[in-house]
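As a plain string of letters, each chain reads:
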Amino acid sequence: NAGVTQTPKFQVLKTGQSMTLQCAQDMNHEYMSWYRQDPGMGLRLIHYSVGAGITDQGEVPNGYNVSRSTTEDFPLRLLSAAPSQTSVYFCASSYDTSGNTIYFGEGSWLTVV
Amino acid sequence: DQQVKQNSPSLSVQEGRISILNCDYTNSMFDYFLWYKKYPAEGPTFLISISSIKDKNEDGRFTVFLNKSAKHLSLHIVPSQPGDSAVYFCAAGLQGAQKLVFGQGTRLTINP
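Going down the list, the sequences are from chains A and B.
So for the first sequence, the working numbering puts the first residue at 1; every next one is plus one.
So for the second sequence, the working numbering puts the first residue at 1; every next one is plus one.
The shape of chain A in the complex, shown without the other chains (with noise of 0.2 Å):
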């Protein structure tokens, strides 16, 4: 009973390194989005995808990609790590688009030095 599966937990990276921050999930759901939380501002929207194949931009997209290749999994890359990136990043599926059926991560906390 895995439901949303982020990895790596906790990373450091370099200014200007590249990365790629994985998530998975076993509940065969359409819907697969990326956020990160910083302080004083709430869970913000990086990108999001309504099934494999099709992505596209949530509120802050710059300086990460994302591809949807199977139902399952929805890796987030960070091009060329920036200390603003420096964030915990929450991976969510859900099988709606109701809110209600929002399933997260764990998170990951990823520091940029």
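Everything labelled a hint here was simulated from the structure, so no lab data went into it.
Any given hint might turn out to be false.
What the hints assert, rightly or not - Label pairs and their in silico Cβ distance ranges:
1) B:17 with A:18: 43 to 53 Å
2) A:14 with B:68: 41 to 51 Å
3) A:16 with B:27: 32 to 42 Å
4) A:14 with B:69: 49 to 59 Å
5) A:7 with B:39: 14 to 24 Å
6) B:15 with A:50: 18 to 28 Å
Stated by the list, open to error - Just so you have them, the derived chain B footprint on chain A, three or more residues with Cβ under 8 Å:
7) 37 to 49
8) 97 to 110
We treat Cβ as the ideally placed atom computed from N, Cα and C, and that holds for glycine.
Given the coordinates of chain A, assemble chain B onto it according to the supplied hints.
For chain B alone, coordinates are given in the frame of chain A:
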């Protein structure tokens, strides 16, 4: 420009009393609203929601009130229990859209 605002970063309530968490929004197009609860080192979990066609929704100890004219919603927890201590986020969205806008969160502490 924050479309959803929770102006109280923290709230402390005695066990057994009522907790009231508030949320304001600016976009009159939002047509459904949700509250999420978050414990440390965990992802947010859905708590309760309300559609814009209603002004109240109840689920056990939790009630959400929506005042569309004031663009304001509130979450009432009664009676408050120690396990309710968490960060609460309100969120707003449009039906059929995959985008939710979250408030900044309010840290609720229930004191024994």
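Status of each hint after checking the structure:
1. B:17 with A:18: 43 to 53 Å: 50 Å, holds
2. A:14 with B:68: 41 to 51 Å: 48 Å Cβ-Cβ, so the 41 to 51 Å window holds.
3. A:16 with B:27: 32 to 42 Å: Because 37 Å falls inside the window, the suggested range holds.
4. A:14 with B:69: 49 to 59 Å: Once the Cβ atoms are compared, 51 Å apart, the range 49 to 59 Å for residue 69 of chain B and residue 14 of chain A holds.
5. A:7 with B:39: 14 to 24 Å: 20 Å, holds
6. B:15 with A:50: 18 to 28 Å: 43 Å, violated
7. 37 to 49: Our answer is that it holds, as 7 residues pass the Cβ test (under 8 Å) against chain B, meeting three.
8. 97 to 110: It holds: at least three residues are needed, and the stretch 97 to 110 of chain A offers 11 whose Cβ sits within less than 8 Å of chain B.
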